[in-house]
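J.: Residue numbers (the UniProt record's numbering), protein chains in the order written: chain E, 1 to 201; chain H, 1 to 201; chain B, 1 to 201.
Derived from the structure by calculation, the hints contain no laboratory data.
Given the structure is predicted, the values throughout are model-derived calculations rather than measurements.
A few of these clues could be false.
Which copy? The list can't say, so a pair holds if one copy fits it or any two copies do.
[To be verified] Derived pair list, reagent style PhoX-like, types lysine-lysine, alpha-carbon separation capped at 25 Å: (1) K146 - K25; (2) K107 - K190; (3) K190 - K146; (4) K87 - K190; (5) K192 - K83; (6) K192 - K26.
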Amino acid sequence: MFYLTIDILGTIAFAISGVLVAMEKKLDIFGVFIIAFVTAIGGGTLRDILIGDFPVVWMRDYTYILVVLGAVLFAVLFVNQLKYFRKTLFLFDTIGIGLFTMVGVEKGLAADILPIMCIALGTITACFGGVIRDILCNEIPVIFRKEVYATACILGASSYFLFRQLPINIEYAYIGAILVTILTRLVAVKFKIALPNIYKR
Amino acid sequence: MFYLTIDILGTIAFAISGVLVAMEKKLDIFGVFIIAFVTAIGGGTLRDILIGDFPVVWMRDYTYILVVLGAVLFAVLFVNQLKYFRKTLFLFDTIGIGLFTMVGVEKGLAADILPIMCIALGTITACFGGVIRDILCNEIPVIFRKEVYATACILGASSYFLFRQLPINIEYAYIGAILVTILTRLVAVKFKIALPNIYKR
Amino acid sequence: MFYLTIDILGTIAFAISGVLVAMEKKLDIFGVFIIAFVTAIGGGTLRDILIGDFPVVWMRDYTYILVVLGAVLFAVLFVNQLKYFRKTLFLFDTIGIGLFTMVGVEKGLAADILPIMCIALGTITACFGGVIRDILCNEIPVIFRKEVYATACILGASSYFLFRQLPINIEYAYIGAILVTILTRLVAVKFKIALPNIYKR
Numbered sequence: 001m002f003y004l005t006i007d008i009l010g011t012i013a014f015a016i017s018g019v020l021v022a023m024e025k026k027l028d029i030f031g032v033f034i035i036a037f038v039t040a041i042g043g044g045t046l047r048d049i050l051i052g053d054f055p056v057v058w059m060r061d062y063t064y065i066l067v068v069l070g071a072v073l074f075a076v077l078f079v080n081q082l083k084y085f086r087k088t089l090f091l092f093d094t095i096g097i098g099l100f101t102m103v104g105v106e107k108g109l110a111a112d113i114l115p116i117m118c119i120a121l122g123t124i125t126a127c128f129g130g131v132i133r134d135i136l137c138n139e140i141p142v143i144f145r146k147e148v149y150a151t152a153c154i155l156g157a158s159s160y161f162l163f164r165q166l167p168i169n170i171e172y173a174y175i176g177a178i179l180v181t182i183l184t185r186l187v188a189v190k191f192k193i194a195l196p197n198i199y200k201r
Numbered sequence: 001m002f003y004l005t006i007d008i009l010g011t012i013a014f015a016i017s018g019v020l021v022a023m024e025k026k027l028d029i030f031g032v033f034i035i036a037f038v039t040a041i042g043g044g045t046l047r048d049i050l051i052g053d054f055p056v057v058w059m060r061d062y063t064y065i066l067v068v069l070g071a072v073l074f075a076v077l078f079v080n081q082l083k084y085f086r087k088t089l090f091l092f093d094t095i096g097i098g099l100f101t102m103v104g105v106e107k108g109l110a111a112d113i114l115p116i117m118c119i120a121l122g123t124i125t126a127c128f129g130g131v132i133r134d135i136l137c138n139e140i141p142v143i144f145r146k147e148v149y150a151t152a153c154i155l156g157a158s159s160y161f162l163f164r165q166l167p168i169n170i171e172y173a174y175i176g177a178i179l180v181t182i183l184t185r186l187v188a189v190k191f192k193i194a195l196p197n198i199y200k201r
Numbered sequence: 001m002f003y004l005t006i007d008i009l010g011t012i013a014f015a016i017s018g019v020l021v022a023m024e025k026k027l028d029i030f031g032v033f034i035i036a037f038v039t040a041i042g043g044g045t046l047r048d049i050l051i052g053d054f055p056v057v058w059m060r061d062y063t064y065i066l067v068v069l070g071a072v073l074f075a076v077l078f079v080n081q082l083k084y085f086r087k088t089l090f091l092f093d094t095i096g097i098g099l100f101t102m103v104g105v106e107k108g109l110a111a112d113i114l115p116i117m118c119i120a121l122g123t124i125t126a127c128f129g130g131v132i133r134d135i136l137c138n139e140i141p142v143i144f145r146k147e148v149y150a151t152a153c154i155l156g157a158s159s160y161f162l163f164r165q166l167p168i169n170i171e172y173a174y175i176g177a178i179l180v181t182i183l184t185r186l187v188a189v190k191f192k193i194a195l196p197n198i199y200k201r
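Given the sequences, and given the hints that come with them, work out the whole structure.
T.: Okay, here's the thing in C-alpha cells:
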C-alpha cells in the first residue's frame, strides 16, 4: 500500500514533467498526453522488453493510464499554478526515481539477471522515460548532459546489493537503497554537484 | 482477400509517405528504403513487441518487404508525378489507418488485453510508423503537432467496443469501426477541424 | 576463440566511435558511457527483440559491459591520441561489421527466420547501434545519408546464402561472407564509391 502510493506519486510527477516539456514544444493535446504517458511509463516498458516480460507493465491494468490521464488534465488546467508546486514536483520526482529504481532491480532479480544488470535495469526504469520524452521532443536527453540523476539511481541500486550482505531484514535494505538514491539527488542539487567535466576548458 | 488488399494499399500509402519525407531530407537510396519500411511496418512492430508476439509481423513472410520495395521503386521513379496522385495517396492512407487500427485491436483482443489497451494498440499500429519515421528524420512527430489523425483511430477503435454490444453480426461491427475512423479523418480534413488549442494566443 | 576476439575488437571500435560522437556533443561522462554502450550493443539488442530472444544478449554475461567500460575509459583518457589510431579504428570497425552481420544472420537461421529476413537481421545487428547513437545525439543517422556501410552488410549476408549452395565446408562460406562485407567497405572507402544519387542536381 505504502509502495503503491509512492509509485503513483512518482508516476504523477513524471507525467507532469512530460506535460511541461510537451507544452513548451507547443504540441497538441494528443501529443501532450502521449509525451506525459511515455515519460511516466517509458522506463518500465523498456525494462520489461529487455528482460522479455510481456505484455509490458502498463497493459496489465488501468492504473497507469488513468493516473497519467488525471495528471495531464490537472497539469493542463493549472499550468499557470504549477510554478507554485515546483518544489513539491521535484520532491515527487526524486522519491519517484528512488522507488522506480528499486522496482527495476527487484524485477531483474526475479528474472534471474546478474546483479550489475539489475542495477542497469533499475536505472533504466527510473531514467529512460525521460530519455524517450526528450527524443520525441527532438532534444538530446537532458540526463546525458547535466545533473546527477542517473548517477543517484546507480548508487542507490548498488547500495542495495551492499545492504543485502548486512545482517538486516531485507525490507530495510530495500528502503535504505531508496533513501540512498533520494539523498544523493537532494545533496547533489542542493550543493550544485555535477559529474566531473571531461573536457578541457 | 478484401482485407488483405486494403492492408496492402495501406502499406503502399504509408511507404510512399515515408519516401517523400526521406527524399526531402536528401537521404541516400538505402536511407529512403529504411524510412519507407519503418513508416509502413513500425506501428505493427511496436504493437507486436508490447504484447510479446515474436517474431514480429513483417519477419513471418515476404509480403511487407516486397510491397515496400515495390512502393519505393515506384515512388523514386515517379516522384515528379506523385503530386497527381496526392488525393489517391491520401485516400489509401486514410483507409490504411482505418484498417490498421482494427488489426491492432483484434490482435489485442486475441492476446486477452483489456479493452482500453486494445484501443491503444490499434492507435499505435496505425500511427507509430509515422512517429518512428519522424524521429529518424530528426523531426518532432507530426501527429503530436497537428491534424486529427490519432484521434480518428481512437474514435474508430472505441466505436468497435460499442458496436459489439449491439445485436449485429461481429463483421458489421468491425467494418463499422473502420468506417468511423475513415469518416472522422475525412470530415476533419474537409472542414479543417483540429484538436482544441490548449495554449493562450 | 578467434571469433570471440574479433567480436570484442568490433565492440571496442563501436564503443570508441560512440565516445567520439558523444564528446563532440559535450555530453557528461554518464552520457558518454551510455552512447558508447548503445553504439556497441544497440544493433544486437534490436535484433534480439525483433526475434523474441530474451533476455537480450548483453544481459547474459559481463563481457559487453566490461569491454565498453574499458573502451570508454581508454577513449576518454587518450582522446587527443585517438587520431593516431584512426586507421586502426576504421579497420576494427570494418572487421566488426563483417562479423556482427554474420552473428545476426546465424541467429536468424537458428530462429528459423526466412533468408531475406536473416540478411535484414544481420544488417540490423551491424548497423543499428550507430542509428540509435545518432538518434540519441539528435542527428539524422549517418548511414542513411552517406557511405557504403549497410550495403556492405547486405552484400556480405547475401553472399553467405550463395556460398552455402557451393560444395564447400560451411565454415568457409561463413568466413567468405565476412570477407565480402569487409572488402566491399574497404573498396568503397578507398575509391570513394557511394550509392547512386537519386536527386536531380
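J.: Give a verdict on every hint.
T.: Status of the hints after comparison with the structure:
Proximity of K146 and K25 under a CA criterion of 25 Å is satisfied in both settings, with 20 Å inside one chain copy and 12 Å between copies. For the identical chains of this complex, K107 and K190 are neighbours neither inside a copy (31 Å) nor across copies (49 Å), given an alpha-carbon limit of 25 Å. In this homomeric assembly, K190 and K146 come within 25 Å of each other (Cα to Cα) only inside a single copy, at 15 Å, whereas the closest approach across copies is 40 Å. Taking the shortest Cα distances, K87 and K190 sit within 25 Å of each other inside one copy (12 Å), while across copies they are farther apart (46 Å).
With identical chains, the CA atoms of K192 and K83 are at most 25 Å apart within one copy only, with a shortest distance of 21 Å there and 35 Å across copies. For a Cα distance limit of 25 Å, the shortest separation of K192 from K26 across copies, 19 Å, qualifies, whereas the shortest one inside one copy, 30 Å, does not.
The structure fails to meet hint 2 from the earlier list, while all remaining hints are met.
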